[in-house]
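Peer 1: Going from the sequence shown to this note's numbering is simple: count from 1 and add 386.
By construction, these hints were calculated from the structure, which means they are not laboratory data. Positions of the beta carbon are idealized from the N, C-alpha and C atoms, including for glycine. Don't take each hint at face value.
16 Å max Cα-Cα, derived EDC-like pairs, lysine to aspartate or glutamate [as the list claims (entries may be wrong)]:
1. K438 with D481
2. K533 with E543
3. K509 with E493
Label pairs and their in silico Cβ distance ranges [claimed, not checked]:
4. I404 with E447: 22 to 32 Å
5. E408 with D481: 14 to 24 Å
6. Q436 with Q554: 25 to 35 Å
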Amino acid sequence: YQQYYSRALRKFNELATIKESEYELENRLWIAKCYLQLREFNKALRLLDQIKIDAAENEEEEVLKEVYKSKIGYLIYNEDYDEAVSAINEFLNTDIDDELRAEVLYETGLLYKLIEDFESAEKAFASVEEYSPTFEIDFSSQFEVAKLRRELGKVEESLTLFSDLKDQDKFS
Numbered sequence: 387y388q389q390y391y392s393r394a395l396r397k398f399n400e401l402a403t404i405k406e407s408e409y410e411l412e413n414r415l416w417i418a419k420c421y422l423q424l425r426e427f428n429k430a431l432r433l434l435d436q437i438k439i440d441a442a443e444n445e446e447e448e449v450l451k452e453v454y455k456s457k458i459g460y461l462i463y464n465e466d467y468d469e470a471v472s473a474i475n476e477f478l479n480t481d482i483d484d485e486l487r488a489e490v491l492y493e494t495g496l497l498y499k500l501i502e503d504f505e506s507a508e509k510a511f512a513s514v515e516e517y518s519p520t521f522e523i524d525f526s527s528q529f530e531v532a533k534l535r536r537e538l539g540k541v542e543e544s545l546t547l548f549s550d551l552k553d554q555d556k557f558s
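Using the sequences and the hints, build the whole thing.
Peer 2: Here it is in structure tokens:
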């Protein structure tokens, strides 16, 4: 319904009346997303928590990923950064592919930077390359590590990292 959330919510609620559907969890997820957009945060968060439990029990990995993304997005929007970091760490303990894990670690580093926990940010950015990051995420994380080392007073290490980035053909 292209940003007509109240109309979409009505349709998803109609679909919820169909019992034992294979799309029941996904439908509930979209109901929760509509609640978030309609600023009914308490309903949305309760529903997301229940969906997370049900998705884990039914091994619905895609739904579980979307639940975490929605909840983490809300927590960041609400500027509840400590809770967002906690939810991200919980998400990283689930079974996700390496590319997504690298992206989540990069975003975690940005979040740590925002709350000025530079050591944790550096660790998060540095661990990105252990997985399968996209070119952009790989470069950005290495660039952030070099900037953070400068911020932490490790100027020589920072210069070395910047020089290494410049010398690598893939980053030219």
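Peer 1: Now look at each hint and say whether the structure bears it out.
Peer 2: Right, here's what the structure says about each hint:
1. K438 with D481: Holds. K438 to D481 sits at ~14 Å (cutoff 16 Å).
2. K533 with E543: holds, 10 Å
3. K509 with E493: holds, 12 Å
4. I404 with E447: 22 to 32 Å: holds, 23 Å
5. E408 with D481: 14 to 24 Å: With a Cβ separation near 21 Å, E408 and D481 satisfy 14 to 24 Å, so the hint holds.
6. Q436 with Q554: 25 to 35 Å: violated, 47 Å
When held up to the earlier numbered hints, the structure conflicts with hint 6 and nothing else.
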